[in-house]
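Q: Sequence:
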Amino acid sequence: MRTFWTQGYEGTSIQDLVQAMGVNKPSLYATFGCKEEIFREAVELYDRVEGRATSQSLADARTAREAVETMLRANARAYTVAEGPRGCMIVLSSLLGAPENARVRAFLADNRLAGEALLQDRLAQGIAQGDLAPTADKLGMIIDAATLAWPA
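Start counting the sequence shown at 1; every next residue gets the next number (full-length UniProt numbering).
Please keep in mind that the hints were generated in silico from the structure rather than gathered at the bench. Just so we're clear, the structure is a prediction, and the values are computed from it rather than from any experiment. Watch out, some of these pointers could steer you wrong.
What the hints assert, rightly or not - In silico lysine to any residue, SDA-like type, Cα no more than 20 angstroms apart, as pairs: (1) Lys35 to Gln7; (2) Lys25 to Lys35; (3) Lys35 to Leu95; (4) Lys35 to Arg105; (5) Lys35 to Gly97; (6) Lys35 to Thr12; (7) Lys25 to Met1; (8) Lys35 to Ser94; (9) Lys35 to Leu17; (10) Lys25 to Glu37.
As the list claims (entries may be wrong) - If you anchor each label on the Cβ, the simulated ranges turn out as follows: (11) Arg62 to Arg86: 24 to 32 angstroms; (12) Arg62 to Asp16: 39 to 47 angstroms; (13) Ala136 to Ala98: 35 to 43 angstroms; (14) Gly97 to Gln129: 37 to 45 angstroms; (15) Arg62 to Gly22: 42 to 50 angstroms; (16) Gln129 to Pro99: 44 to 52 angstroms; (17) Ser27 to Arg77: 31 to 39 angstroms; (18) Ala128 to Ser13: 45 to 53 angstroms.
Ideal placement from N, C-alpha and C gives every residue a C-beta, glycine not left out.
Can you make the complete structure from the sequences, with help from the hints?
A: Right, here's the structure in full:
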């Protein structure tokens with residue numbers, strides 16, 4: 001996961017993965033099949049480990065405001081720690097240019113949209129509970145615009 005996170009999808013070679021995992025190429029291919037499959041598993045691991053703070057913030061907070069604040073603070077801490085890569089692996093990996101990586105771009109776009117849906121649902125819950133004003137859906141439009149600004 002960290003190899004993809006620091007080098008990106010396109011910047012990571014099979015040899016990089018072999019070295020990072022401490023396995024040989026035949027074992028790597030037998031276990032995962034291809035680089036894209038390894039990347040997909042790395043993204044799933046990232047979501048479970050690094051993305052936990054986001055989903056937990058949205059689920060556990062008493063109010064939508066608290067949920068968003070907790071999520072933003074948790075992400076700011078996580079993305080700026082001294083050890084490990086900085087920034088969101090999903091966003092950083094989305095900067096793909098090669099046409100042959102269209103499936104990976106689509107996979108990452110779906111991942112980002114799922115995260116956006118979690119946030120939108122929590123905001124809608126806040127509106128329904130009276131925690132947020134009905135005009136808070138303007139925040140949703142901002143989120144939509146920010147999501148659309150990232151490369152697909």
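Q: Hint by hint, say whether it matches the structure.
A: Evaluated hints:
With a C-alpha separation of about 14 angstroms, the suggested pairing of Lys35 with Gln7 holds against the 20 angstroms cut-off. Between Lys25 and Lys35 the alpha-carbon distance is near 11 angstroms, which keeps this suggested pair within the 20 angstroms criterion. Of the pairs offered as hints, the one joining Lys35 and Leu95 holds, with about 17 angstroms between alpha carbons and a cut-off of 20 angstroms not exceeded. Straight-line distance between C-alpha atoms of Lys35 and Arg105 comes to about 14 angstroms, which keeps the hinted pair within the 20 angstroms bound.
For a cut-off of 20 angstroms, the pair hint linking Lys35 to Gly97 stands: about 16 angstroms separates their Cα positions. Pair hint Lys35 plus Thr12 holds up; C-alpha atoms about 9 angstroms apart against a cutoff of 20 angstroms. Distance check on the hinted pair: Lys25 and Met1 sit about 17 angstroms apart at the alpha-carbon level, within 20 angstroms; holds. For the hint linking Lys35 to Ser94, the alpha-carbon distance of about 16 angstroms falls within 20 angstroms, and the restraint holds.
Pair hint Lys35 plus Leu17 holds up; C-alpha atoms about 9 angstroms apart against a cutoff of 20 angstroms. Distance restraint check for Lys25 and Glu37: the Cα-Cα separation of roughly 14 angstroms lies within the 20 angstroms cut-off, and the hinted pair is therefore satisfied. Against the hinted window of 24 to 32 angstroms, the Cβ-Cβ separation of Arg62 and Arg86 comes to about 30 angstroms, which satisfies the hint. The given range of 39 to 47 angstroms is respected by Arg62 and Asp16, whose C-beta atoms sit roughly 44 angstroms from each other.
Distance hint for Ala136 and Ala98: a CB-CB separation of about 39 angstroms, consistent with the stated range 35 to 43 angstroms. Against the hinted window of 37 to 45 angstroms, the Cβ-Cβ separation of Gly97 and Gln129 comes to about 43 angstroms, which satisfies the hint. About 45 angstroms separates the C-beta atoms of Arg62 and Gly22, a value consistent with the hinted range of 42 to 50 angstroms. A hinted range of 44 to 52 angstroms for the beta carbons of Gln129 and Pro99 is consistent with their spacing of about 46 angstroms.
The given range of 31 to 39 angstroms is respected by Ser27 and Arg77, whose C-beta atoms sit roughly 36 angstroms from each other. In this structure the hint that Ala128 and Ser13 lie 45 to 53 angstroms apart at CB holds, the actual value being about 49 angstroms.
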